[in-house]
Amino acid sequence: MRLRDKFTFLRKALAATNPKKAIVFVNNEKNIEVLVSKLNYHNYKAIGILEIWKKKIERMQ
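Take 0 as the starting number for the sequence shown in numbering that gives the first Met the number 0 and just add one per residue.
By construction, these hints were calculated from the structure, which means they are not laboratory data.
Take the hints with a grain of salt, since some may be wrong.
Claimed, not checked - No more than 25 Å apart at the CA atoms, straight line, and that leaves these computed lysine-lysine pairs for BS3-like:
| hint | residue 1 | residue 2 |
| --- | --- | --- |
| 1 | Lys-44 | Lys-55 |
| 2 | Lys-29 | Lys-5 |
| 3 | Lys-19 | Lys-5 |
| 4 | Lys-29 | Lys-44 |
| 5 | Lys-19 | Lys-44 |
| 6 | Lys-53 | Lys-11 |
| 7 | Lys-29 | Lys-53 |
| 8 | Lys-37 | Lys-54 |
| 9 | Lys-20 | Lys-44 |
| 10 | Lys-20 | Lys-37 |
| 11 | Lys-11 | Lys-29 |
| 12 | Lys-37 | Lys-53 |
| 13 | Lys-5 | Lys-55 |
| 14 | Lys-11 | Lys-37 |
| 15 | Lys-20 | Lys-54 |
| 16 | Lys-54 | Lys-29 |
| 17 | Lys-37 | Lys-55 |
| 18 | Lys-37 | Lys-5 |
| 19 | Lys-37 | Lys-19 |
| 20 | Lys-20 | Lys-55 |
| 21 | Lys-20 | Lys-5 |
| 22 | Lys-44 | Lys-54 |
| 23 | Lys-54 | Lys-11 |
| 24 | Lys-44 | Lys-5 |
Predicted model, so just to flag it, every value in this text is computed and none were measured.
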């Protein structure tokens, strides 16, 4: 299944269930950035936890 198809499926699932909050697990660091940007584009509030974690590590160094 292509990344585009996976995102379309996720977007349709979110629209159908209309959850207040959801957690999505992604197995590739590059896919996290793409998924977050696409979800934000479609008016879902999304953040990548990996991004936050990297920023905290940078501050600690």
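Hints violated by the structure (listed by number, smallest first): 6, 13 and 23
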